[in-house]
Amino acid sequence: MLSRIYSSGVMGIEGFEVIVECSAWDRIPKFELVGLPDAAVKEAKNRVQSACENSGFTFPPLDIMVNLAPADVKKEGSAFDLAILCSILQSDGLIPKTYDFSDKCLVGELSLSGEVRGINGILPMTVGARDSGRREIFVPYENAGEAAVVDGITVFGVKNLRQLVNHIKGIEPISPTVSDKSSFDLAARAGCPDFSEVRGQLKAKRALEIAAAGGHNVLMIGPPGAGKSMLAKRLPSILPDMSFEEAIETTKIHSVSGTLKTNLITERPFRSPHHTVSMPGLIGGGVSPRPGEISMAHNGILFLDELPEFSKTVTESLRQPLEDGCVTVTRAIAKVTYPASFMLVCAMNPCRCGYFGDENRRCTCTPAGITKYLEKVSGPLLDRIDIEIELPAVSYDEISGKTAPGEPSAEIRKRVNAARAFANARLERDGQKTGTLNAKLTPAMLRKYCTPDEDGSALMRAAFESLGLSARGHDRVLRVARTIADLDGCEKINADHIAEAIMYRSLDRKYWKR
11 MLSRIYSSGV MGIEGFEVIV ECSAWDRIPK FELVGLPDAA VKEAKNRVQS ACENSGFTFP
71 PLDIMVNLAP ADVKKEGSAF DLAILCSILQ SDGLIPKTYD FSDKCLVGEL SLSGEVRGIN
131 GILPMTVGAR DSGRREIFVP YENAGEAAVV DGITVFGVKN LRQLVNHIKG IEPISPTVSD
191 KSSFDLAARA GCPDFSEVRG QLKAKRALEI AAAGGHNVLM IGPPGAGKSM LAKRLPSILP
251 DMSFEEAIET TKIHSVSGTL KTNLITERPF RSPHHTVSMP GLIGGGVSPR PGEISMAHNG
311 ILFLDELPEF SKTVTESLRQ PLEDGCVTVT RAIAKVTYPA SFMLVCAMNP CRCGYFGDEN
371 RRCTCTPAGI TKYLEKVSGP LLDRIDIEIE LPAVSYDEIS GKTAPGEPSA EIRKRVNAAR
431 AFANARLERD GQKTGTLNAK LTPAMLRKYC TPDEDGSALM RAAFESLGLS ARGHDRVLRV
491 ARTIADLDGC EKINADHIAE AIMYRSLDRK YWKR
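So the sequence shown is numbered by the working numbering: it starts at 11 and just counts up by one.
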């Protein structure tokens, strides 16, 4: 008899349907598995036979052929074990041949004892099963909470093979797993460091508030101990609230990567790779492509501390993802696209010793050494950074606590959320898709929403000619000015907004003489 059961695989971060077909004949026993399986899938033949026997069932002594369709797409991982064994058992009659699997999807790895083990990528698999028309999905018990956040499909958590067979036969039904959506509380930032802990650096705090409101990339330059890393680690505490759709998309990436620690990611990611990270580690790749740090930072922040210490080849590879918001990894076995829309936050010293330009410490670097150090950061990468901030060393009064404490993150976040709402209201009035960040405005939207008034235009012209801005640099100044105007609640960009935005591009001439 031919048995057909539906399962699900993952390509990139998207789930796709896999049809597990089993045909069995009363001939010399053998077991063939076809449909472009990788090594892990091929080993399912041994796992399912042992799981069957150790669960108290007799593995059928038949000539078994299992096909994983579509046959021209490579199947990876162990998620098909459960569907493969159930298709064999239905062909043999242990599972009733009348049982209808047409609206069901089965995913999970089987242990030799018959237990169903957790797998990576269950969230995109569940979304893929739902979009393919399945109304029920059976997943490993430990993955059930993650799968249950997907609406429109009933999730059953399975602990072992015997429990599933008893459910199918109606002996002991499994209760569906229900996700508590009320736990999606984005206002709570428990455990996130607060801006009130940062003394001084008012200019840098203002710049990071603008960056958070508009999604702008940031570069901080200053001597050791000025507070660059401290500020960067507190930036997530003032980022706007995450939408449920953003949470699902972000969770899918971490689910595929095997780094998911909760059923649903509700706080924007903060990724800080070491400067020795490889290109596949940052961008994504490998023999079997996996998301890199830029995709793990999707909808959040990618923080590169000590920027010049990163390989220049690695940092230059950021240029295309920063423009497109995604990265495509091409390998012989697959071509996958990962989302990579993130805020790039960089920190660096002004020279190798760290004290070039410091009033209190003498720089020990030669002019040639300073130039060589700064040249590790290329012009094209700087062109993609909207805001450049110089952080001076903090004073004794600031670090000793004699000055007033800083403004808490909650108050700053209120202004950031208000600026995002102001920008979204403008887009909604014009019939545009809301949620487009000012840092990501298209050229057409830039011309429509970022045209300054007469005084602002005159100042912009003067800055363009005196600072030698590129076309990209000109557009980024206007995008930052648009965000500053949004924070002020102004529809029109004026000269004050332009002046502040230009101020955040001044370090090009001081350090790189561009």
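Hint data in this document are derived by calculation from the structure and do not stem from the laboratory.
Predicted, not measured: the structure shown is a model, and the values here were computed from it.
Do not take every clue at face value.
As the list claims (entries may be wrong) - Calculated cross-link-like contacts (lysine to any residue; reagent style SDA-like; alpha-carbon spacing at most 25 Å): (1) K450 - S480; (2) K450 - S467; (3) K450 - A403; (4) K179 - K322; (5) K215 - P39; (6) K243 - E259; (7) K443 - R482; (8) K382 - L497; (9) K107 - I163; (10) K502 - M513; (11) K520 - C375; (12) K215 - K458; (13) K520 - R329; (14) K322 - A481; (15) K55 - Y109; (16) K243 - P283; (17) K382 - D407; (18) K443 - L469; (19) K450 - L497; (20) K215 - L43; (21) K386 - K502; (22) K502 - S480; (23) K215 - V404; (24) K386 - A403; (25) K271 - E255; (26) K179 - R371; (27) K424 - S410; (28) K40 - G87; (29) K215 - K443; (30) K213 - R371; (31) K424 - K502; (32) K520 - E316.
Against the structure, the hints:
A hinted pair counts as satisfied when its Cα atoms are at most 25 Å apart, and K450 with S480 qualifies at roughly 17 Å. Straight-line distance between C-alpha atoms of K450 and S467 comes to about 21 Å, which keeps the hinted pair within the 25 Å bound. Taking the CA atoms of K450 and A403, the gap is about 33 Å. The hint is violated against a cut of 25 Å. In summary, the hint linking K179 to K322 is not supported, as the alpha carbons are separated by about 61 Å, beyond the 25 Å threshold.
About 71 Å separates the Cα atoms of K215 and P39, which puts this hinted pair outside 25 Å; it is violated. Of the supplied pair hints, the one linking K243 and E259 holds, its CA atoms being roughly 23 Å apart against a limit of 25 Å. As the CA atoms of K443 and R482 are separated by approximately 23 Å, the hinted pair is consistent with the 25 Å bound. Of the pairs offered as hints, the one joining K382 and L497 is violated, with about 38 Å between alpha carbons and a cut-off of 25 Å exceeded.
The suggested pairing of K107 with I163 holds, with an alpha-carbon distance near 24 Å, which does not exceed 25 Å. A distance of roughly 19 Å separates the Cα atoms of K502 and M513; the hinted pair therefore holds under the 25 Å criterion. For the hint pairing K520 with C375, the CA-to-CA distance comes to about 17 Å; that is within 25 Å, so the pair holds. Proposed proximity of K215 and K458 is contradicted: the alpha carbons are some 29 Å apart, above 25 Å.
Distance check on the hinted pair: K520 and R329 sit about 23 Å apart at the alpha-carbon level, within 25 Å; holds. With a C-alpha separation of about 24 Å, the suggested pair K322 and A481 falls inside the 25 Å cut-off, and the hint holds. Annotation: proposed proximity of K55 to Y109 holds, straight-line Cα distance about 24 Å (limit 25 Å). Restraint check: the Cα-Cα separation between K243 and P283 comes to about 13 Å, which is no more than 25 Å; the hinted pair holds.
Distance check on the hinted pair: K382 and D407 sit about 35 Å apart at the alpha-carbon level, beyond 25 Å; violated. Proximity of K443 to L469 is assessed by CA-CA distance (about 31 Å); at most 25 Å being required, the pair is judged violated. Only pairs whose Cα atoms come within 25 Å are accepted, and K450 paired with L497 is accepted, the gap being roughly 17 Å. Proximity of K215 to L43 is assessed by CA-CA distance (about 60 Å); at most 25 Å being required, the pair is judged violated.
For the given pair, K386 sits about 38 Å from K502 by alpha-carbon distance, which is inconsistent with the 25 Å threshold. About 24 Å separates the Cα atoms of K502 and S480, which keeps this hinted pair within 25 Å; it holds. Under the criterion of a C-alpha separation no larger than 25 Å, the hint pairing K215 with V404 is consistent with the structure, at around 14 Å. A C-alpha spacing of about 23 Å is found between K386 and A403, which places the hinted pair at or below 25 Å, so the restraint holds.
Restraint check for K271 and E255: the C-alpha separation of about 19 Å stays at or below 25 Å, so the hint holds. Distance hint between K179 and R371 is unfulfilled; the C-alpha atoms sit about 78 Å from each other, more than 25 Å. For the hint pairing K424 with S410, the CA-to-CA distance comes to about 29 Å; that exceeds 25 Å, so the pair is violated. Taking the CA atoms of K40 and G87, the gap is about 23 Å. The hint holds against a cut of 25 Å.
Distance check on the hinted pair: K215 and K443 sit about 30 Å apart at the alpha-carbon level, beyond 25 Å; violated. Of the pairs offered as hints, the one joining K213 and R371 holds, with about 22 Å between alpha carbons and a cut-off of 25 Å not exceeded. Between the alpha carbons of K424 and K502 the distance comes to roughly 22 Å, so the proposed pair stays at or under 25 Å and holds. Using a Cα cut-off of 25 Å, the hinted pair K520 and E316 holds, with the two alpha carbons roughly 19 Å apart.
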